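Given the structure of chain A, go ahead and fit chains B, C and D onto it with the hints provided.
Chains as they are written, first to last, in my numbering: chain A, 1 to 155; chain B, 1 to 155; chain C, 1 to 80; chain D, 1 to 80.
In silico BS3-like links for lysine-lysine, alpha-carbon gap of 25 Å or less:
(1) C/K45 with A/K123
(2) D/K49 with D/K60
(3) B/K123 with D/K60
(4) A/K123 with C/K60
Some chain D residues near chain B, calculated using beta-carbon distances under 10 Å:
(5) F8
(6) A9
(7) S10
(8) D13
(9) A57
(10) I74
(11) P75
(12) G80
No lab work stands behind these hints, which were simulated from the structure alone.
All of these numbers come straight from a predicted model, not from anything done at the bench.
Just so you know, even glycine gets a beta-carbon here, dropped at the ideal spot from N, CA and C.
The primary structure of each chain is shown beneath.
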Amino acid sequence: MTSQTGAQPLVAITHDPIEIAALLAAVSHASVGAISTFLGTVREVNDDRPVTGIDYEGYEPMAAREMQGIADELVTEWPGLRIAIVHRLGTLQVGDVSVAIACAHARRAPSADAMRRAIESLKVRVPIWKREHYVDGEWTWVDPTNAAAPMKRRP
Amino acid sequence: MTSQTGAQPLVAITHDPIEIAALLAAVSHASVGAISTFLGTVREVNDDRPVTGIDYEGYEPMAAREMQGIADELVTEWPGLRIAIVHRLGTLQVGDVSVAIACAHARRAPSADAMRRAIESLKVRVPIWKREHYVDGEWTWVDPTNAAAPMKRRP
Amino acid sequence: MTLPVLLFASYADAFGARTVAVPVTMPCTVADVVLAMRSIPGGEKLPAKPLVAVNQAYAKPDAPVHAGDEVALIPPVAGG
Amino acid sequence: MTLPVLLFASYADAFGARTVAVPVTMPCTVADVVLAMRSIPGGEKLPAKPLVAVNQAYAKPDAPVHAGDEVALIPPVAGG
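With the rest of the complex left out, here is chain A (with noise of 0.2 Å):
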């Protein structure tokens, strides 16, 4: 569905730090006018609450069927489109990159809007969870579908 010409696609689920350079060198082709990057970072305040780490936990085998999923559908409505998704799983710090995102094509507009979907897309159906933790000890598994009232717990 995909066949990118020359490197291979990168849709994967990793336990190390992302690699920008990775992701770029896979959508990157002498075809390619523009290259669309979106990088996910643990920021240190979430909800007002200071953050001082953040646990990501995935269901590993199916995580990885659903970004497949979406660069497949990203390059159906877009072809020509090379897509790379890499997800990091495991303890991230403040400022670490847990996702990123390239999305190449001739033209600025596809790259762009694919991009986008390609993180809006991912954020809705790929079993991916976080822990965050907080300074004063607590901790909660961010639930985005009830922000106003997070299962928080004490360790």
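Showing chains B, C and D alone in chain A's frame:
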């Protein structure tokens, strides 16, 4: 106006290869949750003509001012935005990066929207020109306002 | 028979396990599996309509479940 | 007096120079400068309404031009 904390804002014209890592470093910060980037690259074909390379020329001081103006306007629209814009001039080969933009924000929507606006604004107001060289030896100053009938000359 | 169901994140915390053995009568549906899980300690913490995956793909409540299927309960996702 | 006007890209090719000395009478406007350039060899290749920058900022046709201003003709831009 931009008042980015941490690394210095990075808005520049360069004649050297663009280092993506430098842009990411310039916009990274503990407050950042999303970094959207755009890379423009020289592609092998434009308007169905095989391209061998592009000469980029700029009115350098005004180009730098316009780029800074774009950055300032976007930071005004999205407070907390951290932005880097670097455009390369000189002779570029197929695959080379001509322009790189990085937009970092606490949240992904402002990050992605600002990135898109930055490249669209750059393309309409920053005084930079490109001369495409074709395999048949002809070359053209690209005129996006007159795409159907570009000025074509023999050297 | 008992069907092993995979648990993650807040659901694994609720049941105190990464996998729970759910008593079901075959043939059954996704909804039957969820209903049976409500009688297991921790099941009272499940939401009204938890997402379920069968063989690593999202499955609707009326989807069939067969012996040998890989069944997982999917908490609200929060990747990215 | 003569006003030096900066040229770039296709306009530099049209005039065969990176700068052209344009005869003008002060005080004058951007439109006056453009009009004077049409009488210089190469000026016939200018479009009907070329963009002009004064002191590195876009300027409208009725904007004033003073001695010592940095004036440039801006061909259709094609960055990115």
